[in-house]
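A.B. asks: Residue numbers (our numbering), protein chains in the order written: chain A, 145 to 488; chain B, 15 to 303; chain C, 48 to 315.
Worth double-checking, as some hints may not be accurate.
Stated by the list, open to error - Below, in silico cross-link-like pairs of lysine to aspartate or glutamate (EDC-like), each with a Cα-Cα straight-line distance of 20 Å or less: (1) A:K408 with C:D281; (2) A:K474 with B:D73; (3) B:K250 with A:E256; (4) A:K341 with A:D438; (5) A:K284 with A:E256; (6) A:K485 with B:E194; (7) A:K270 with A:D418; (8) A:K268 with A:E427; (9) B:K250 with A:E427; (10) B:K125 with C:E171; (11) A:K382 with C:E171; (12) A:K474 with B:E81; (13) A:K474 with B:E196; (14) A:K199 with C:D281; (15) A:K382 with A:D418; (16) A:K233 with B:D265; (17) A:K473 with B:E190.
Unchecked claim - Simulated DEER-style distance windows between Cβ atoms: (18) B:V87 with A:V389: 26 to 36 Å; (19) B:V87 with C:L173: 53 to 63 Å; (20) C:L173 with A:A334: 27 to 37 Å.
FYI, nobody ran anything at the bench for these hints, they're computed from the structure.
Yeah, the Cβ is synthetic: ideal placement off N, Cα and C, and Gly gets one too.
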Amino acid sequence: MRRTRAVSLAGIASAAALILSSCGGGGSSDVVGAAAENAGARTTTLNLYAYAVPKPGFDKVIPAFQQTSAGKGVQFQQSYGASGDQSRKVAAGAPADFVNFSVEPDITRLVEAGLVDKNWNANKYKGIPFGSVVTMVVRKGNPKGIHDWDDLLKPGVEVVTPNPFSSGSAKWNLLAPYAAKSDGGKDPKAGLAFIDKLVTGHVKVQPKSGREATETFLQGTGDVLLSYENEALFAERKGDPVEHVTPPTTFKIENPTAVLKGSKNLEKAKAFNDFLFTPQAQELWAEAGFRPVDPTVANEFAAQFPQPEKLWTIADLGGWKTVDSTLFKKETGAIAVIYDKATT
Amino acid sequence: MTATVIARRDDTAQVPSLPAPSKSSRHLSARPLGVGLVGLWLSVILLLPLAALTVTSFDDGWSGFWEAVTAPVALASLWVTVLVAVIVALLNAVMGTLIAWVLVRDDFRGKGVVNALIDLPFALPTIVASIVLLSLYGPSSPVRVHLNATRPGLVVALAFVTLPFVVRSVQPVLIEADREVEEAAASLGASSWSTFRRVVLPTLAPAVVSGTGLAFARAIGEYGSVVLIGGNIPRKTEVASQYIQQQIEMDRPTNAAAVSVALLTIAFLTLLALRVFASRSQRREEGEA
Amino acid sequence: MKTSTTARIGLRTVALGYLLLLLAVPIVLILWRTFSPGVGAFVASVRTPAAISALNLSLLIVAIVVPLNVGFGICTALALVRGRFRGRGLVQAVVDLPFAVSPIVVGVSLILLWGAGGWFGGVENLGVKVIFGLPGMVIATLFVTLPFVVREVEPVLHEIGIDQEQAAATLGASTWQTFWRITLPSIRWGLTYGVVLTIARGLGEFGAVIMVSSGFPGVSQTLTLLVHSRYIDDHNAYGSYAAATLLMGLAVVTLLLMTLLDRKRSTP
């Protein structure tokens, strides 16, 4: 009887200790050693919704912003996920102040929903503070000898790329070989033929976002991961046993940002958005592995970001509106149909 | 859930009706307001969501429903789910009975601790189970066993979470089992094995079936424990719950609802079969008694 | 029946070996991986602002769910045992429903009912965010924890019968007094056991909550969501193990309470 009483007291005591310790302050930072956010102080909180992979960049840029006079006292709630999913969440009412998506159509969706001003991309960088290129991530030592798009079609090569219906990364990943094979869209048939062979014969899994694709690849699935160069750098810097090979002809990735016009903290959100284009922030993006858009900063970091022989852009293919409706629209887009057929 | 609850659940199904309350007594009977409140609560929390699910699944009519469920990848996910669940259920039937036997009939130091640990999968969050198994059998496995993204990996994860069902179902029956018949059989010269097969097993059978059925029903719906170790490879290791989640994220709620209803139907049929089997075996027992 | 010694040892080895490979070794490995960099690293990892918020949120949800389940659970049990209404069998089956429903299906159903395009989607216009808000997570947890209190209280109510309550009534006690002084004390162990199961299940819920939560670190991430997000989104395996160990600690405390209470309620 005494023993059970002792054990039950121990159980209750530990439960109580747990509850008491939890009554400390919380916050959104998951960095070890970060101080709890002082909920009492007058702070603004900006809700940031982004696509899956830019967290390494924001982890650098946000503290820098908080040091500026415009950013003093601004806290951030950050949500990362597949670009399409995040965009749909915001369109469905998730409370966002600032968004950063992988592809422009995910912002256009919000413009059409009346949540983002239609002049969101009127600045000199067209609303795009950073970008990347499509690259191929392989196991360390490149055992399967992958160097170019055709190598992906070698028998037995399994390619990991996310699901284009939820992920922005997936769209870039499929546009790169499409542009390469169709000579910038001039020969769509050749481009689509390649995509068909690739998706039908070599893509076996459908991770829902760029980050999940990386995770799947790192856990041992597949031989090649198509991804952003910044994500490849992120994995390599973390010490994962991978390396990346950028094919000579690839695609320029441009990731837009925008503020929600109904935001309660519109001024601060705009200030943050503007901050991303300043040289200081551009350098931080470059340090995190993202290609900056400021030409001076880009020059500084030229060694880190080798220029491919041929870099196709979305403008070469006619802009996102055309590309999205002809290639990616559900049920009718050419690539969408191929992907659906191969994976349903 | 301990076995006592499972045993009692079957008990209450056989409850003889209470004597009619005298009109003058004011004991705690179920007043209409109370019943109504309970009904409202159960409806809002349980029934209405499932109703919305079922109705949405038929948004495209019967043909839409059928198409959604028989889409090759959807069908494959249901197949993988049922296949792996059946394997796990059978594994549990054997190992669960064995473990229950050892816990009841054997004695060794630390038996109490082992007995308490059986309930751990009930108390442990499923995502923790996933992480725990992934660390041992995943890509960073210290023993070079890589089960992630394979069907055996799914089996291991599901075996973990369904461990207690058969054990806790069989234990009370074993405890209450009448040893006299076994001893009689032994004194008549029967070997241990045939005594087990002919005397003990039939007594345990209803409990084993009940526990196995519950394990199966739990396994087909499982998500948290397979989400990290399964690898989510369509047609190979993608289970129905993962397929459903993907459909919701791809903005196809009707498809998701249809496959959900299919999954629910399998679960309900299993539990219905269990109930029928339980009442039939109870009737047989009462007939023999 | 007398099993030979070899058979007995053999069975014991197989049983313990199975449990070792399935339960013990994985758990010991996680504990080792969590604590080998030192207890300090573990404590730091579970004291990040996001982790503390996650713990607070998990406990908050449980703090809301438990009283609701206790209240409605006792009412339901009373209705089932003492009630004289048609459809008792149906109510029994309905209470058992959550055991048959996959957590993902729970999430999908709630989205279809309370989500923006759902049957009750209009609630959003009143300013109450159910899906992607705390109410959604609470309702999801209520769904999966509903049966426990009912199932634990029901058999006790059935066993104790109505004699004492009738006696109290004839002595002039009001319904409320009878409930408070007679019924409640007699079901207390079953009730506590049900509450412990509810807490365990509530803290551990993952599949349903991940569908209805907006997943904001520091705001709408429960401990289970934190474990998942640290592993998948942050690539932070150690942080994931640490949060998982914290949850395991809570599970062990629950297990202890379960074992203790089990003994209490089987010995009247």
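A.B. asks: Hint by hint, say whether it matches the structure.
C.D. replies: Do the hints match the structure? See the list:
1. A:K408 with C:D281: Status violated; Cα separation ~29 Å.
2. A:K474 with B:D73: holds, 19 Å
3. B:K250 with A:E256: violated, 39 Å
4. A:K341 with A:D438: violated, 38 Å
5. A:K284 with A:E256: Given pair K284 (chain A), E256 (chain A) is violated - Cα atoms ~44 Å apart, limit 20 Å.
6. A:K485 with B:E194: violated, 65 Å
7. A:K270 with A:D418: holds, 12 Å
8. A:K268 with A:E427: Since the Cα atoms of K268 (chain A) and E427 (chain A) sit roughly 18 Å apart, the hinted pair holds (cutoff 20 Å).
9. B:K250 with A:E427: violated, 44 Å
10. B:K125 with C:E171: Violated - the C-alpha atoms of E171 (chain C) and K125 (chain B) are around 54 Å apart, more than 20 Å.
11. A:K382 with C:E171: Given pair K382 (chain A), E171 (chain C) is violated - Cα atoms ~42 Å apart, limit 20 Å.
12. A:K474 with B:E81: holds, 17 Å
13. A:K474 with B:E196: violated, 67 Å
14. A:K199 with C:D281: holds, 8 Å
15. A:K382 with A:D418: Distance of about 30 Å is beyond 20 Å: violated.
16. A:K233 with B:D265: Holds, because 11 Å separates the two Cα atoms, which is no more than 20 Å.
17. A:K473 with B:E190: With a Cα-Cα distance of about 65 Å, the restraint between K473 (chain A) and E190 (chain B) is violated, given a limit of 20 Å.
18. B:V87 with A:V389: 26 to 36 Å: For V389 (chain A) against V87 (chain B), whose Cβ atoms are near 31 Å apart, the range 26 to 36 Å holds.
19. B:V87 with C:L173: 53 to 63 Å: With a Cβ separation near 39 Å, V87 (chain B) and L173 (chain C) fall outside 53 to 63 Å, so the hint is violated.
20. C:L173 with A:A334: 27 to 37 Å: This hint is violated: roughly 55 Å between Cβ atoms.
Taken one by one, the earlier hints fail for this structure at numbers 1, 3, 4, 5, 6, 9, 10, 11, 13, 15, 17, 19, 20, listed in ascending order.
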